[in-house]
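Colleague: Modelling step: build the complete structure from the supplied sequences, incorporating the hints.
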Amino acid sequence: MDLHQRHHLRLSGRRDGQPMMFAHGFGCDQNMWRHVAPAFEDDFRVVLFDHVGAGNSDSSAYDFDRYASLSAYAEDIVRIVTELDLHDVVFVGHSVSAMIGVLAERMVPERFAKLVLVGPSPRYIDDEGYVGGFAEQDIHELLDSLDSNYLGWSAAMAPTIMGNPDRPALGQELTESFCRTDPDIARAFARVTFLSDNRADLALVRTPTLVLQCSNDVIAPVAVGRFVADRIPDSTFVLLDATGHCPNLSAPEETTAALAAFVRAAETEGASIAR
Amino acid sequence: MTQHEFAREAFLDALLDDDPEKLYDRAPCGYLSTSPDGRIVKVNQTFLTWTGYERDELLRRSFVELLTPGGRLYHETHYAPMLRLQAAVRELALDVVRADGQRIPVLVNANLEVDDAGEPVVVRIALFDATERRGYERELLRARQQAEASERQARELAQTLQRTLLPPKEPAIPGLDVAATFQPAGDTLEIGGDFYDVFQVAEGDWVAIIGDVCGKGVEAAILTALIRDTLRAVVVGMHEPSKALSALNEVLLHHETDRFCTLVMVRMQHGPEGWTAAISSGGHPRPLLIGPDRNRDEVGGPGPLVGVLDAPEFRDERVALRAGDALVLFTDGVTESRDGAGFYGDARLRDVVGRPLESARSVVDAVFQDVVTYSGGPTRDDVAVVVLRVPEKS
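Heads up: the sequence lines are chains A and B, in that order.
Okay, so the first sequence: first residue is 20 according to my numbering, each after it adds one.
Okay, so the second sequence: first residue is 37 according to my numbering, each after it adds one.
Bear in mind the hints are in silico, worked out from the structure with no lab data behind them.
Keep in mind that the hints are not guaranteed to be accurate.
Across the chosen pairs, the derived CB separations fall in these ranges [to be verified]:
{"hint": "1", "chain 1": "B", "residue 1": "ALA185", "chain 2": "A", "residue 2": "GLU60", "range": "42 to 52 Å"}
{"hint": "2", "chain 1": "A", "residue 1": "GLU102", "chain 2": "B", "residue 2": "GLU155", "range": "38 to 48 Å"}
{"hint": "3", "chain 1": "A", "residue 1": "ASP260", "chain 2": "B", "residue 2": "SER69", "range": "16 to 26 Å"}
{"hint": "4", "chain 1": "A", "residue 1": "ASP201", "chain 2": "B", "residue 2": "VAL254", "range": "31 to 41 Å"}
Every residue, glycine too, gets a C-beta built ideally from N, C-alpha and C.
Modeller: Encoded structure:
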């Protein structure tokens, strides 16, 4: 199948620029980067995509058995990187895609120049000597939440937004373009996201890495971000003023500035910058 | 104006001038305002009454903190991004945790207000108590999940039963090239009415049948089994297919069902001059005889439906098959398959089997493929095709 269609690939920016790949997390799609990615188009080759099963990807390519682990998502990244023949890739992964990026880096480390992990968590569920922030029961509650909102969270939201209930076509367009997910796939993706444990993978990352952490993130608390930065050998930790889990939407300027400082720096020799 | 009307007007005027504070505080919904990053800056009395919090406890706290852990995950992964991207969310189902730890299921609507420069200023959140609705929705959800599970079971059962009504493996007759295909109607939970069977009576003496039982489902399956067993029993010592069909007619008439079937029966016998076919049809599309020097004609004695008339007359037609000749048996799922506008039809079937085809399998596959292409997807009816072919050197 065509890779572009499979992942709704969007390439922009400088054709000969260093590739900068943005990966969205669970719950939405590449629209998560709409206020950040354009700032890098002047000197980077910007690569946006949807994970299979999310957004405008080809959901017929979704296989419940295959996507039962994060490795499958990482393999998809590797496939995009190799088929587009990308080298020196700057990979920016939000939320679960931070760990997907870590896994992809382990598969083809030679392809990556820098990793940026936005709101990463290697494990969401508390464990002995580790606070992820959630109990397993909480994850099942999320799955229930997805089910309760299955009645049409995507279809129900859009029409009124444009203030034009008598022109449903407008709403239709919005519903289709933002964060559209098949409920069964959303459930499966939630399961694989929030039940994964990738703590052991962190120490094996070879690529210089920036951890971008929000101040008050209920999904990935500050302590978890620090845990990630502590385990990855060549890493930098930056605490943003932004709160919540989606600084790419709530604080695009601050996020862009922190990203730019890291990706435009010539060398990043493991110095930890913390505020 | 009557006194009564005056009183009414005065009352409505008073409502129009209702104290905005009361309108806000006593609204029949919880009402919150937060900063764009979610900190609560204003909350109405209804919400405080529902949740048991003091106003001061809530101010400056984050809205997301009032949700259950699972709800927080949902908030951060769906609600917050949608609010930012679309400036509004509608009818989100969440649970608010009260001061005493109890949960209230709510439906949440929220608007993000922006200033002239497009910068977010405030989020206004209305919450509606959805306790009863949520209980009802859970029941609906459970019912949906049960329905999906039952549907899966029914489909599996139908498929299993269907398989038992067909020969377990590709039929084979020594000295003949035989191939068959059966495709149940697309997207159905029921057992279809089409069937075929190929079995041996004696050495060099074989029977092939293809048929279509009226109706679908368990009754059709029972009838199919009855037909197959009856024919297998009566053909012993009864050479003419027409007689077998008469016997079957008798059995169906006495069976406690008003169902009937269409059927073609072919008796293939090998003698000194090669293979001879005796063919009789009971209301079924007659087979086509194809081969190097054949005209793709229908063959077989025509007759009425089986299981309807008291004394039907079935007839036999005998054909001596030559090397390269083949009989194409099919059900009306082939000729009556639809493309939305018309029917597949006899002419198109004749075209397909008229192409040079070197084996029984290639004839079967060509017909089936062409029907699928014509229907543009899964067929609406069962499709069965059986081809009996005399090899060039037999």
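Colleague: Compare the structure with each hint and give your call.
Modeller: Checked hints:
no. : hint                              : result
1   : ALA185(B) / GLU60(A): 42 to 52 Å  : holds, 49 Å
2   : GLU102(A) / GLU155(B): 38 to 48 Å : holds, 40 Å
3   : ASP260(A) / SER69(B): 16 to 26 Å  : holds, 22 Å
4   : ASP201(A) / VAL254(B): 31 to 41 Å : holds, 34 Å
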